[in-house]
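From just these sequences and the hints, can you work out the full model?
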Amino acid sequence: MKRSRLAGLLLASTILAAGMAAAQDVTLTIESWRNDDLTIWQDQIIPAFEAAHPGIKVQFTPSAPTEYNAALNSKLDAGTAGDLITCRPFDASLSLFQGGKLADLSGLAAMANFSDVAKSAWQTDDAAATFCVPMASVIHGFIYNKDAFDALGLAPPATMEEFYGVLDKIKADGTYVPMAMGTIDQWEAATMAYQNIGPNYWKGEEGRLALIKGEQKLTDEPWVAPFRELARWKDYLGDGYEAQTYPDSQNLFTLGRAAIYPAGSWEISGFNAQAGFTMGAFPPPVVAAGDTCYISDHTDIAIGMNAATKHPEEAKAFLEWVGSSEFATLYANALPGFFSLNSAPVEMADPLAQEFVSWRGKCSSTIRSTYQILSRGTPNLENETWNASANVIKGTETPEDAAKRLQEGLASWYEPQK
Amino acid sequence: MAVRPRYHIAVFLAPAVLVYTAVMIWPLFNTLRLSLYTQGAAGHVFAGLRNFQTLFGDPHWADAFWNALANNVWFFVIHMAVQNPIGIGLAAILSHPRLRFATFYRSAIFIPTILSFVIVGFAWKLILSPIWGIAPSMLDAVGLKSLYAPWLGKEDYALTTLALISVWQFVGIPMMLIYAALLAIPEGVLEAGEIDGITGWAAFWRIKLPLVLPSIGIISILTFVGNFNAFDLIYAAQGALAGPDFSTDILGTFLYRTFFGFQLQLGDPHMGAAIATAMFAIILTGVCLYLFLIQTRLRRYQF
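Protein chains in written order, with numbering that gives the first Met the number 0: chain Z, 0 to 417; chain L, 0 to 302.
No wet-lab data here; the hints were simulated from the structure.
Since the model is a prediction, treat every value here as computed from it, not as a measurement.
Check each hint, because a few of them may be wrong.
To be verified - Between beta-carbon pairs, the in silico distance windows are:
{"hint": "1", "chain 1": "L", "residue 1": "ILE110", "chain 2": "Z", "residue 2": "GLN97", "range": "46 to 52 Å"}
{"hint": "2", "chain 1": "Z", "residue 1": "LEU254", "chain 2": "L", "residue 2": "ILE110", "range": "43 to 49 Å"}
{"hint": "3", "chain 1": "L", "residue 1": "LEU221", "chain 2": "Z", "residue 2": "ALA272", "range": "46 to 52 Å"}
{"hint": "4", "chain 1": "Z", "residue 1": "ALA410", "chain 2": "L", "residue 2": "LYS144", "range": "44 to 50 Å"}
{"hint": "5", "chain 1": "L", "residue 1": "GLN38", "chain 2": "Z", "residue 2": "ASP146", "range": "50 to 56 Å"}
{"hint": "6", "chain 1": "Z", "residue 1": "HIS52", "chain 2": "L", "residue 2": "VAL10", "range": "40 to 46 Å"}
{"hint": "7", "chain 1": "Z", "residue 1": "ALA288", "chain 2": "L", "residue 2": "LEU114", "range": "52 to 58 Å"}
{"hint": "8", "chain 1": "L", "residue 1": "ILE110", "chain 2": "Z", "residue 2": "PRO53", "range": "40 to 46 Å"}
{"hint": "9", "chain 1": "Z", "residue 1": "GLN97", "chain 2": "L", "residue 2": "VAL10", "range": "48 to 54 Å"}
{"hint": "10", "chain 1": "L", "residue 1": "THR102", "chain 2": "Z", "residue 2": "LEU254", "range": "42 to 48 Å"}
Idealized CB from N, CA, C, for every residue including glycine.
Shown next, in the form of structure tokens:
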């Protein structure tokens, strides 16, 4: 508490100083967790906006992803947060809106450019008010080392059986670690494993909505089956994967030491810069050939307005621009892997990003099962899923036990599941 | 003759009292107060002891709390069993009059103490990393690769590993305090012992150790308070979820997660304050037990 106040004080003094330096221009500050994207905002996105809107200056001030929510809440409470707030999907932002920290943006003209699904992550439960302009979604799948696949004579697998066949062959060959993933950071196990392959089992939106309505339970077969698959993965992970961190996994793959990387599309730009080999991608394999495929096309990032901003007109001008197709094209190409949610089709140059986005055409899209409504109570279903997925991969908890624990936790506070 | 009121005492005390009240006492009592409220539809609502009822009565909260407390006790036990004896041993060796380069050793051992937790956590994570770490390759070089395990990633070892990292970092503090106490023992006492035939190790056990016992007591209580307030190292090395499977979750990380929230879990300042109050009670009890039961019975010697 003490620390956040001090941080707030320091921040206030920097804002004050910045404000005095540019007295005639209005300066808007953006809060964000995307510190990886700092240069892209500074070199490409902000200059494009400033050129079209003289008199408005924009500053991008990101913080570390894991600290963003806590830092943002403290800053908003202390009245030192920036004018524009990058929105996490669902409840984190919803509670900010309900607490009066985020402004209602339903009246923004640019909102017409987005589908209802795209907006659903930043609306009240009854969809009456929208409070953030959707920016992008991320798609889960597997990125593979094409050179390695060619050398070993492998083709991207379409079914789970082929998937394990490919992994067995890579393991038997011994040149590559079959799959780059660690469990120490826990979220990789939940996000890149469980939520990646899961939609094929629970049939995407159908299962997700049934869970919210209470018609399915986490102990039902479609929700336990993905855990059973994860339990088989440990044989294909690198030595000491229990202590392998997320950056370790990324490096293992981009250094060409691992053949397959369970991925989210946000990795694309980083991997393009780091990897010295050709990369390909395949969607999560289906159970039996010919099954409908489902992908996690997760609405991940949006931007809203601090209700306490001193420059609401300028902030709205920026948000209208974020909702335009100009921004969509700029953003999707500057950050391949963050796919625009704008209804207007966006041309992308990156082949890997094209591959990912092409799955939207042949598979049904869904979002991560734990994000909407189900992570509102204590114990928190999303955090529990991280823990359970990591345990299942390590073999310290059986798939059935993990599912049972998650179900009990959810049922303890969520009325439809009681 | 009337005694003139001595206003200057109040004036001289005022700055310290005011600053201490503002940064320590007020936040402390405010935290205690916060734990008695809960988030209602319209702001804070007085809830009495309901937060504590949840913390100790609800199985999910209680499991997490007792798990954190048990881990914290183990964290403390490792420090008491490893850090303090090593610190005392190092001090005994350093105070040996014929040891060469004593100042160099003293500084070298003390340096980790002044490093940031973040640096220590990160450096050790790299050292122990199964992929790039020097621990697996060094063990491999002497043919003991089979002894290597991903220590930070296994439930059975992770907490002990982190406790030992913390010991490595802080062993300089008991060493310095005991070293100072050992230097304060007058030569005459030791010479008198020598005349009675008590030399070498016997002199350490029978003369020096009893004389530095009060310092050891102070170190124990500092270790206790430090360990039960610990947070930084675990957070820097394992993150707020204190993995694997909460095996490194101590009261500090549990408090952080609850108070500030984590990922999709929203922060709950009231439950957080309840945990902070429980931590305060634990530390207060520990310190009181020490002060009234042990400190008063320690014999002090005047030279």
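Hints, verified against the model:
1. For the pair L/ILE110 and Z/GLN97, the beta carbons lie near 50 Å from each other, so the given range of 46 to 52 Å is met.
2. Under the hint 43 to 49 Å, the C-beta atoms of Z/LEU254 and L/ILE110, about 33 Å apart, miss the expected range.
3. The hint said 46 to 52 Å for the Cβ distance between L/LEU221 and Z/ALA272, and at roughly 48 Å that hint holds.
4. Range check, Z/ALA410 to L/LYS144: about 46 Å between beta-carbon atoms, so the 44 to 50 Å window is met.
5. Distance hint check for L/GLN38 and Z/ASP146: the Cβ-Cβ separation is about 55 Å, which falls inside the suggested range of 50 to 56 Å.
6. Separated by about 58 Å at the C-beta atoms, Z/HIS52 and L/VAL10 break the suggested range of 40 to 46 Å.
7. Distance hint for Z/ALA288 and L/LEU114: a CB-CB separation of about 57 Å, consistent with the stated range 52 to 58 Å.
8. L/ILE110 and Z/PRO53 have their C-beta atoms about 54 Å apart, which leaves the hinted 40 to 46 Å range violated.
9. Between Z/GLN97 and L/VAL10, the C-beta spacing of about 50 Å keeps the proposed range 48 to 54 Å intact.
10. A hinted range of 42 to 48 Å for the beta carbons of L/THR102 and Z/LEU254 is consistent with their spacing of about 44 Å.
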